[in-house]
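With the hints as constraints, model all of the structure from the sequences given.
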Amino acid sequence: MDRSDFHFELPDELIASRPLAERTASRLLCLDGETGAVADRRFTDIAGLLAPGDLLVLNDTRVIPARLHGCKESGGRVEVLVERLTGEHEALAHLRANKTPKPGGRLVLEGGIEAEVVAREDALFRLHFAGDTPLLDLLERHGHMPLPPYIRRPDEGLDRERYQTVFAERPGAVAAPTASLHFDESLLAGLAGAGVEAARVTLHVGAGTFQPVREADITRHHMHSEWLNVPADTAAAVARTRERGGRVVAVGTTVVRALETCARAGTPAAFSGETDIFIYPGYRFRAVDAMITNFHLPESTLIMLVSAFAGREHVLAAYRHAVEARYRFFSYGDAMFIQPPSPEARA
Numbered sequence: 488m489d490r491s492d493f494h495f496e497l498p499d500e501l502i503a504s505r506p507l508a509e510r511t512a513s514r515l516l517c518l519d520g521e522t523g524a525v526a527d528r529r530f531t532d533i534a535g536l537l538a539p540g541d542l543l544v545l546n547d548t549r550v551i552p553a554r555l556h557g558c559k560e561s562g563g564r565v566e567v568l569v570e571r572l573t574g575e576h577e578a579l580a581h582l583r584a585n586k587t588p589k590p591g592g593r594l595v596l597e598g599g600i601e602a603e604v605v606a607r608e609d610a611l612f613r614l615h616f617a618g619d620t621p622l623l624d625l626l627e628r629h630g631h632m633p634l635p636p637y638i639r640r641p642d643e644g645l646d647r648e649r650y651q652t653v654f655a656e657r658p659g660a661v662a663a664p665t666a667s668l669h670f671d672e673s674l675l676a677g678l679a680g681a682g683v684e685a686a687r688v689t690l691h692v693g694a695g696t697f698q699p700v701r702e703a704d705i706t707r708h709h710m711h712s713e714w715l716n717v718p719a720d721t722a723a724a725v726a727r728t729r730e731r732g733g734r735v736v737a738v739g740t741t742v743v744r745a746l747e748t749c750a751r752a753g754t755p756a757a758f759s760g761e762t763d764i765f766i767y768p769g770y771r772f773r774a775v776d777a778m779i780t781n782f783h784l785p786e787s788t789l790i791m792l793v794s795a796f797a798g799r800e801h802v803l804a805a806y807r808h809a810v811e812a813r814y815r816f817f818s819y820g821d822a823m824f825i826q827p828p829s830p831e832a833r834a
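Here the sequence shown is numbered in our numbering, starting from 488 and rising by one per residue.
Bear in mind the hints are in silico, worked out from the structure with no lab data behind them.
None of the values given here were measured: they were computed from a predicted structure.
Every residue gets a Cβ at the ideal spot worked out from N, C-alpha and C, and that includes glycine.
Keep in mind that a hint or two might mislead.
Derived lysine to aspartate or glutamate pairs resembling EDC-like cross-links, with alpha carbons at most 16 Å apart [stated by the list, open to error]:
| id | residue 1 | residue 2 |
| --- | --- | --- |
| 1 | Lys589 | Glu566 |
| 2 | Lys586 | Glu560 |
| 3 | Lys589 | Glu575 |
| 4 | Lys559 | Asp609 |
| 5 | Lys559 | Glu608 |
| 6 | Lys589 | Glu603 |
| 7 | Lys559 | Asp541 |
| 8 | Lys589 | Asp609 |
| 9 | Lys589 | Glu643 |
| 10 | Lys589 | Asp619 |
Per label pair, the in silico range of CB-to-CB distance [what the hints assert, rightly or not]:
| id | residue 1 | residue 2 | range |
| --- | --- | --- | --- |
| 11 | Gly618 | Ala508 | 50 to 56 Å |
| 12 | Ala679 | Arg564 | 44 to 50 Å |
| 13 | Glu643 | Arg731 | 41 to 47 Å |
| 14 | Thr511 | Glu643 | 42 to 48 Å |
| 15 | Glu702 | Glu648 | 15 to 21 Å |
| 16 | Glu560 | Arg701 | 29 to 35 Å |
| 17 | Ala508 | Arg701 | 37 to 43 Å |
| 18 | Thr511 | Glu601 | 38 to 44 Å |
| 19 | Cys558 | Asp492 | 25 to 31 Å |
| 20 | Arg628 | Glu761 | 27 to 33 Å |
| 21 | Val653 | Asp492 | 35 to 41 Å |
| 22 | Ser491 | Ala679 | 41 to 47 Å |
| 23 | Tyr770 | Glu601 | 42 to 48 Å |
| 24 | Glu643 | Ser712 | 27 to 33 Å |
This is the structure we're talking about:
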């Protein structure tokens, strides 16, 4: 299957650069994967699309202010984007500089933060941060929210709140689980009151989520790895929901990847560790029955995942409709609710 099979045209003005005033004010495009039919709704209509006994699964990762600016001790500007905390004072990070720092090189960053380049590990750099203050605390004080590359503006104070879910708990992500940004406390409480159950997973979204697929043959693409945790009670809730005929509704592609990782053996089971699962058309889903997701980049692994769930032709037709109807795209954009076709109809 070719990467170009997942291309669509998107005018730049449809890329949402800022959030709406209210989290729940987004539009919601409903896609029936069986027929390809689409319906234009508001996100608050999700309450009528879910039923008592459905299980809503959320990613409770917390985005850290992972971007720092500064300079090399030898001169020259540098930008650090922490990819993963590996200890109280160490991290793997992306570095942007005119000349790549070598191991032993020192960086002087915002807030007087000092770091040493310990080693290069593929595309990442292992950094050690000086001083007694834990790195996470330094980032919370001096770091910038790591807005995606297609949002072409500096981060602002509002992003500290809005590029974060209302139920974010476990720090470690450098990109938001954006489908969850549409929920506020009131909507979640209303769903719970209506009998919709909820469960959580943690998947620390990495910057690799924005990496393009460079291989023309997508089966040759190697997926980036991310850390996740599916607790035993969540795995049990997934199994219990499906046994009684309810739907497991994944909020976002990160939740899909987490649940499908924990169900690789067929039955959902607790899992904690790395996943590099790559889901594209032909994949057989074992844990997810419906999906809430945002709109994704052309030719990305995320649109490939959604195409595996609802059928490539149906997904691309829905995206064309979204463009014509002027939906807002990507992280701060609008959402989709997707019900899949029968397994035999997926292509």
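Evaluated hints:
1. Lys589 / Glu566: holds (15 Å)
2. Lys586 / Glu560: Judged against 16 Å, a Cα distance of about 12 Å means the pair holds.
3. Lys589 / Glu575: violated (22 Å)
4. Lys559 / Asp609: Roughly 20 Å separates the two Cα atoms, so the pair is violated.
5. Lys559 / Glu608: violated (19 Å)
6. Lys589 / Glu603: holds (10 Å)
7. Lys559 / Asp541: violated (52 Å)
8. Lys589 / Asp609: holds (13 Å)
9. Lys589 / Glu643: violated (32 Å)
10. Lys589 / Asp619: violated (24 Å)
11. Gly618 / Ala508: 50 to 56 Å: The hinted range 50 to 56 Å is violated for Gly618 and Ala508, with Cβ atoms some 40 Å apart.
12. Ala679 / Arg564: 44 to 50 Å: holds (48 Å)
13. Glu643 / Arg731: 41 to 47 Å: At 45 Å between Cβs, range holds.
14. Thr511 / Glu643: 42 to 48 Å: violated (21 Å)
15. Glu702 / Glu648: 15 to 21 Å: violated (38 Å)
16. Glu560 / Arg701: 29 to 35 Å: holds (34 Å)
17. Ala508 / Arg701: 37 to 43 Å: About 38 Å separates the Cβ atoms of Ala508 and Arg701, which means 37 to 43 Å holds.
18. Thr511 / Glu601: 38 to 44 Å: holds (43 Å)
19. Cys558 / Asp492: 25 to 31 Å: Cβ of Cys558 to Cβ of Asp492: about 44 Å, so the range 25 to 31 Å is violated.
20. Arg628 / Glu761: 27 to 33 Å: holds (29 Å)
21. Val653 / Asp492: 35 to 41 Å: Given range 35 to 41 Å: holds, Cβ gap about 36 Å.
22. Ser491 / Ala679: 41 to 47 Å: holds (43 Å)
23. Tyr770 / Glu601: 42 to 48 Å: The hinted range 42 to 48 Å holds for Tyr770 and Glu601, with Cβ atoms some 46 Å apart.
24. Glu643 / Ser712: 27 to 33 Å: Hint holds: Cβ distance 31 Å, inside 27 to 33 Å.
Of the numbered hints stated above, those contradicted by the structure are hints 3, 4, 5, 7, 9, 10, 11, 14, 15, 19, listed in ascending order.
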